[in-house]
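Student: Given the structure of chain A, go ahead and fit chain B onto it with the hints provided.
Spelled out, the chains give:
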Amino acid sequence: AQSVAQPEDQVNVAEGNPLTVKCTYSVSGNPYLFWYVQYPNRGLQFLLKYITGDNLVKGSYGFEAEFNKSQTSFHLKKPSALVSDSALYFCAVRDVLSGNTPLVFGKGTRLSVIA
Amino acid sequence: GAVVSQHPSWVICKSGTSVKIECRSLDFQATTMFWYRQFPKQSLMLMATSNEGSKATYEQGVEKDKFLINHASLTLSTLTVTSAHPEDSSFYICSARKVGTTGELFFGEGSRLTVL
Chain A
86 AQSVAQPEDQ
96 VNVAEGNPLT
106 VKCTYSVSGN
116 PYLFWYVQYP
126 NRGLQFLLKY
136 ITGDNLVKGS
146 YGFEAEFNKS
156 QTSFHLKKPS
166 ALVSDSALYF
176 CAVRDVLSGN
186 TPLVFGKGTR
196 LSVIA
Chain B
401 GAVVSQHPSW
411 VICKSGTSVK
421 IECRSLDFQA
431 TTMFWYRQFP
441 KQSLMLMATS
451 NEGSKATYEQ
461 GVEKDKFLIN
471 HASLTLSTLT
481 VTSAHPEDSS
491 FYICSARKVG
501 TTGELFFGEG
511 SRLTVL
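First to last, the protein sequences are chains A and B. With the first letter of the first sequence counted as 1, position 52 gets the number 137 in my numbering; the numbers rise by one all the way through. With the first letter of the second sequence counted as 1, position 99 gets the number 499 in my numbering; the numbers rise by one all the way through.
Hints may contain errors.
Across the chosen pairs, the derived CB separations fall in these ranges [claimed, not checked]:
| id | chain 1 | residue 1 | chain 2 | residue 2 | range |
| --- | --- | --- | --- | --- | --- |
| 1 | A | 88 | B | 463 | 33 to 43 Å |
| 2 | A | 97 | B | 483 | 35 to 45 Å |
| 3 | B | 416 | A | 101 | 49 to 59 Å |
| 4 | B | 500 | A | 90 | 28 to 38 Å |
| 5 | A | 126 | B | 483 | 40 to 50 Å |
| 6 | A | 181 | B | 459 | 31 to 41 Å |
| 7 | B | 463 | A | 143 | 16 to 26 Å |
| 8 | B | 499 | A | 101 | 34 to 44 Å |
| 9 | B | 468 | A | 126 | 44 to 54 Å |
| 10 | B | 470 | A | 143 | 37 to 47 Å |
Just so you know, the hints here were simulated from the structure itself, not pulled from any lab data. For every residue, glycine included, the Cβ atom is placed at its ideal position computed from N, Cα and C.
Only chain A is shown next, with the shape it has when bound in the complex (with noise of 0.2 Å):
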């Protein structure tokens, strides 16, 4: 079974500081990871992806993220917060060898930057 645990419901952050969303993850093979992030009464939006390779990825509007193969995490930061980047933030993975399944999301992460 793959499973998504993002632990903290809500990130508060200074504008200007660096920012940490935090995923962990569970798969019984290889995992598909992505981030996306939603704002108010909108669709998701992609961020990044980590399929393989570098396991720093860099995505959308300054994001990135490492893939943690021995912690099983997938965090996403970015250097330097701006208030746009408030937002809800979906973890999100799909096992390598799943077939045509659809992607298990983490419950979400508010993100608040404050000016």
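Tutor: Same frame as chain A, now just chain B:
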């Protein structure tokens, strides 16, 4: 890019009526689309997997007669909420997977349904 269009964005209907939500992949083909439901301040709940040309696969607890899904072409899936009731009020989001990709989903903008 990969654009998924969802329509309508907002819909208000009377209890007992049916509402149809369309999900289109505008610039790619999607053999599989997924329908999610999102309650306020909660995560996404997968409702069903829609496969082009075949019956949808519903998740446990989702009434197939209540939420009718049709995937008639490689670019269009529809969700019809039949005989809607206030408890069906929610944010419905569709997503599509591009054929031949590694699995990321592209999402529509969502449809907020309010049943009076």
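Student: None of the hints should be skipped; say for each whether it holds.
Tutor: Results of checking the hints against the structure:
For the pair residue 88 of chain A and residue 463 of chain B, the beta carbons lie near 25 Å from each other, so the given range of 33 to 43 Å is not met. Look at residue 97 of chain A against residue 483 of chain B: about 43 Å separates their beta carbons, and that is inside 35 to 45 Å. Checking the proposed 49 to 59 Å range against residue 416 of chain B and residue 101 of chain A shows it holds: the Cβ atoms sit about 53 Å from each other. At about 30 Å, the CB distance of residue 500 of chain B to residue 90 of chain A agrees with the hint of 28 to 38 Å.
Here the CB-CB span from residue 126 of chain A to residue 483 of chain B is close to 25 Å, at odds with the stated 40 to 50 Å. Evaluation of the 31 to 41 Å hint for residue 181 of chain A and residue 459 of chain B yields a failure: the beta carbon distance comes to about 22 Å. At roughly 42 Å, the beta-carbon separation of residue 463 of chain B and residue 143 of chain A lies outside the given 16 to 26 Å, and the hint is violated. Checking the proposed 34 to 44 Å range against residue 499 of chain B and residue 101 of chain A shows it holds: the Cβ atoms sit about 42 Å from each other.
One distance hint, 44 to 54 Å for the beta-carbon pair residue 468 of chain B and residue 126 of chain A, is violated here, with the actual separation near 25 Å. Taken as a hint, the range 37 to 47 Å holds for the pair residue 470 of chain B and residue 143 of chain A, whose Cβ atoms sit roughly 39 Å apart.
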